[in-house]
Amino acid sequence: MIGKGPWSEATKATSFAEREFQVCVAARLVENGKCYWVAGGGGPMYSVLLAKRLYAPDVIYVAEDGVVGAEPMLPFDPVMTLAAARPSHRAVMWTNMNGIGDQCGVGYLDYGVLNALQIDPYGNINSTWLGSYPVEGRRVNGPGGADTIAAMCRRLVLMTDHQRRKFVPKVDFISSPGYLDGTPGARKRAGLPADTGPYAVVTNWAVLDFDPQSHQMRLRAVAPFVSVEAVIKEMGFKPLLFGGAGDIEVLDPPTEDELRIFRSEMDTRGQFTDTASHWVVWENERWTMVEKEVVSTGVFV
Amino acid sequence: MDGKALRILAEGEGSYLKVDPDGFRSHTAQKDRRMRSKLMTAAEAIQRYVADGDYVVWEINYLQRGPAALLREIIRQQKRRLWVGGKFTWVAVALLVEAGCCDRADMGFFVGGGAVTRAVLEKRLTIYEYSNLVMTARLRAGAMGVTFIPIRSLGGTDGFKYSGAKLIEDPYTGEPTVIVPALNPDVALIHVHQADEYGNARAFGTNISDIEAALASRKVIISAEEIINTEEFRHKPGLTRIPYYVVDAVVHQPFGAYPGEMPGSYASDTAHVIEVFGAVARDRIKAYLDKWVYSVANEEQLLSQLVGMTKMAELRRRASSVSLEAYRA
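Going line by line, the protein sequences match chains A and B.
Per my numbering: the first sequence = residues 20 to 320.
Per my numbering: the second sequence = residues 30 to 358.
The reader is advised that the hints may include incorrect statements.
[Claimed, not checked] What follows is a set of in silico ranges between Cβ atoms, one per label pair, in the way DEER data are often shown:
| no. | chain 1 | residue 1 | chain 2 | residue 2 | range |
| --- | --- | --- | --- | --- | --- |
| 1 | A | Gly-289 | B | Ala-300 | 12 to 22 Å |
| 2 | A | Met-112 | B | Thr-259 | 21 to 31 Å |
| 3 | A | Arg-305 | B | Lys-152 | 50 to 60 Å |
| 4 | A | Gly-289 | B | Gly-337 | 52 to 62 Å |
Just so you know, these hints were derived from the structure itself, not from any lab.
In this text the structure is predicted, and so the values were computed from the model without any measurement.
Here a beta-carbon is modelled for each residue, glycine too, at the ideal position from N, C-alpha and C.
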């Protein structure tokens, strides 16, 4: 679903963090000429900004605090990635939250990009509570604007770490809607706009999408440094596989250009990629994943 | 029934603030339309206009143009049993909960941490589940004087079950449609760049829903970086965001958004923002409140004793320059 592009011909990087790879892959998915609604800083905003620099010059994005079409002053201060001066720099418009909601309601906001804490086979997202609501477990932040983004943008791109605890058969709490129970018309019956829903999931290891009939998540592509088996093993449910054997695409690694821009303009202190991210290096004609103290060689399985 | 009753397909079980637009109109009937000075200190404003048990809304505190000083004053005065509207709030809910000020919250977004989890598990805090835009839609309905508003989100989520939302058969299309109750809070706390002594107010840059909140709330407390002459409002009336007669109190509060930023006026104190974020995340809110809220009697002492002139001058120099120029032309 990503296929070949300018990144296929460019000089490949030989050393990168998994999360850098994730942002680069999400950037390649960005569709030029469309309007994105991004949820704050981190992967979603970085991938759209990176795409705008390299692959999608006519992409525009909005944020829920009313910023439309900013040319942000990078890099951002820590945690000040939304509702702050630098992210709202050189916007074409400053409106408010209802103003952005209106734009989404009438259909101008084509794509939403969100981080997901916990996700199920139908793309439902939990960002409210981990455990048994509300009697055991842990409160998390709440949906914020994500519920509206997931409900009303035409296509939803989700980003999350490739871990079993993130991909669960059933989320503890549906904070933001995917395809709900997956049955035809489930979103419409819940009052959500037509022709909307999850489109892709981008992790540090893989790209998944959703089967048009069953609305179940299916594997489309894997990183060059992991096997299909490893990707499936690290999920709490078994995703569908796209096409037949051999149809799972192998993604291109980050390019030197992608990393130059990402590291010098966005993740300048490594604050985004240094946490929960392994390092991947190309040596002796193979990818090696460096896992903290442990070094494993070859395809990581 | 004659078969023409509105069909309710599903409804949430969450409590919601009583919907009563005519009651709200009775309240606005009593508000003074005369131009009279409403200047007072933050302590006076909170004392007079925030009662225990009130429903309170505010903008993004501690990030950008939030009423941080007014919220700290609520904590100093130990207000109790507040019901808060968490439309894109940040650390404030956790601070209010740990300070014992708040027992109900409509969410939204907030930085939670251990204090909020503990309060929920110990049943000291009840959370009703919405989202940022659903909360701003509820305020919009409150500002329109209507009783509910249809939205095209929240449906199908678990949040719906713990909210005051209903899924109805839309009487115009026959399609399932979510409606949420209008919100008319008791108190809106709003920090702005400029106000006059009567309450006319200008705020620059983006916002969440301060205009809706000002119209929808019974008591409106404005804190302002700068008090300016009413003539300036008459000279550029297009910049006025809130008209004076909805406002109950005007507080002159330089650095009232500290440690957050004020677009065009000063930058955020990044170290402090990280400190409070860390305090919430690592469950050390009490120590944070001791240091930054309880240790001083008021906001002026906070600025002079804890922040200091050097830091304030630095934050002013680091202000985003483009923001205010656009309005001063």
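### Message
If you test the structure against every hint from before, which numbers come out violated?
### Response
4
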